[in-house]
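Peer 1: Listed below, chain by chain, are the residues.
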Amino acid sequence: MISVVDYGAGNLRSVENALRYLKVSFATTSQAGEVSRASAIVLPGVGHFGHMMRSLKLLGLLPVLREAIGKDVPYLGICLGMHALYEGSEEAPALPGLGVLQGGIRRFPQGLKVPQMGWNQLQVTPGTRLFQDVEDGPFVYFAHAYYLPVDEDKAFRDRESPPVAALADYGSNFVAAVERDNIFGTQFHPEKSGEIGLRILRNFAVLSQERAEIKSPSRGGSRVG
Amino acid sequence: MLAKRIIACLDVKEGRVVKGTQFVQLRDAGDPAELAAAYNREGVDEVIFLDITASAEKRGLIVETVVRTARQVFIPLAVGGGIRSVGDARRILTSGADKISVNTAAVEKPELITALSEEFGSQAVVLAIDARREGDGWRVFTYGGRKPVNLSAVEWAIEGEAFGAGEILLTSMDCDGTEKGFDCELTRAISRAVKIPVIASGGAGSAEHFAQVLTEGEADAALAASIFHYGKVRIRDLKEHLKAQGIPVRM
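Protein chains in written order, with numbering that gives the first Met the number 0: chain X, 0 to 224; chain L, 0 to 250.
These are computed hints drawn from the structure, not numbers from a lab. You may find that some hints are simply not true.
Stated by the list, open to error - Here are some, though not all, of the chain X residues that point toward chain L, as calculated from beta-carbon distances under 8 Å:
(1) Phe25
(2) Lys112
(3) Pro114
(4) Met116
(5) Gln120
(6) His143
(7) Leu197
To be verified - Partial list, derived from the structure: chain X residues whose beta carbon lies under 7 Å from chain L:
(8) Gly9
(9) Trp118
(10) Lys191
Claimed, not checked - Cut-off 16 Å, straight-line C-alpha distance, at most; resulting in silico cross-link-like pairs (EDC-like, lysine to aspartate or glutamate):
(11) L:Lys108 <-> L:Asp87
(12) X:Lys112 <-> X:Asp168
(13) L:Lys12 <-> L:Asp30
(14) X:Lys112 <-> L:Glu217
(15) X:Lys22 <-> X:Glu194
(16) X:Lys112 <-> L:Glu160
Glycine residues also receive a C-beta, built at the ideal position from the N, C-alpha and C atoms.
Based on the provided sequences and hints, a complete structural model is requested.
Peer 2: As structure tokens, then:
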């Protein structure tokens with residue numbers, strides 16, 4: 000079962016609406032025990048990095064999320080939920096992120112309208128699972144003041160398969176989506192990105208389910224999509 | 000590149016769309032959820048419900064409307080009208096809306112903007128400003144344009160940003176309803192004064208008006224109501240028009 004983590008994120012209801020619309024089975028929870036048994040995890044997010052990390056900590060979810068990600072459980076972080084993967088954010092420098100990916104989240108520089116609000120076009124890395132069957136150059140919905148710079152991602156440069164799943168341009172290129180093994184993150188809001196966003200969420204649900212079936216073939220279960 | 004947004008505004012009273020519409024093939028053209036879905040199909044980038052319900056006991060109907068809309072329409076949804084507290088905003092946002100807009104309450108108590116933005120993030124807080132030209136500048140009005148305030152629109156926009164607003168929805172009272180074009184001068188003045196996105200509203204009558212306010216007016220988004228409802232300008236045609244002029248839009 001997919002756990003949608005409830006820590007008070009503003010877009011929780013929208014993420015639930017989208018998954019329900021797609022007939023994906025999931026459970027919304029803030030219980031560490033439940034999240035630790037999840038077959039996949041969705042961390043929604045919009046608002047403030049500091050609030051999020053504090054809430055996750057109070058709920059005892061930080062070690063649970065790290066452990067699950069380490070155990071190969073598919074994880075999708077949306078907006079702040081993607082930021083949570085990194086070492087930290089300029090939005091709340093005192094509070095570290097999960098640190099499962101290297102790099103830091105920065106504020107958009109002067110001279111740009113901040114927050115970036117609206118639909119921006121993606122440059123999708125070919126072959127990414129998250130964007131399977133998504134048309135070229137899709138527009139998706141962003142609402143954020145903090146972002147992951149392309150060059151911030153030291154780990155990405157060193158690896159053979161760069162986990163940048165999509166870039167977008169706001170003043171300069173920034174990381175709009177990441178994808179590495181079981182780790183997925185979108186800076187944009189798939190739950191608010193129309194048909195394309197629904198496709199991305201469905202892709203995550205399908206790959207999560209496929210993995211769950213490989214892990215425990217005897218259990219089977221109903222297929223998504 | 001970030002696209003310029005086209006936003007459809009629906010006036011909603013007691014859970015029903017007030018202004019008539021020309022949308023055919025709708026089961027119920029007065030249902031805000033159905034209309035939002037129809038606009039979504041036409042390619043609109045965002046929908047705003049302006050709740051003009053007068054009676055306090057029927058205020059809750061907008062929440063139910065938002066719930067139904069957010070279950071079937073997966074683009075950004077903003078709600079304005081009658082939001083006077085963090086509690087009011089929370090009811091709307093936890094129902095599935097992405098943003099709330101505040102106007103009169105924010106003028107009377109600017110700290111409300113700060114409280115909302117701290118609670119929900121500035122991206123969820125739209126400051127709506129109704130402005131009318133006066134001398135060399137523009138004066139702010141509240142209570143749906145009925146009450147003049149001793150405040151210049153440009154100054155209020157700057158203050159609103161400092162208080163934590165994430166976006167400004169700017170309505171020119173001079174142009175509203177004329178269908179003679181947006182107030183590009185006002186929009187440009189506000190857009191240059193702040194570093195947050197500005198939505199231009201009031202005066203849309205043709206596709207070219209949108210092109211003007213998104214270029215000369217330096218708006219980040221443009222909003223209209225009746226010309227969309229009555230089918231005078233179709234969203235798809237509008238976007239084609241903008242695209243042909245090199246204005247970035249989501250197709």
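Peer 1: Which of the listed hints are broken here?
Peer 2: When the structure is compared with the hints, only number 1 turns out to be violated.
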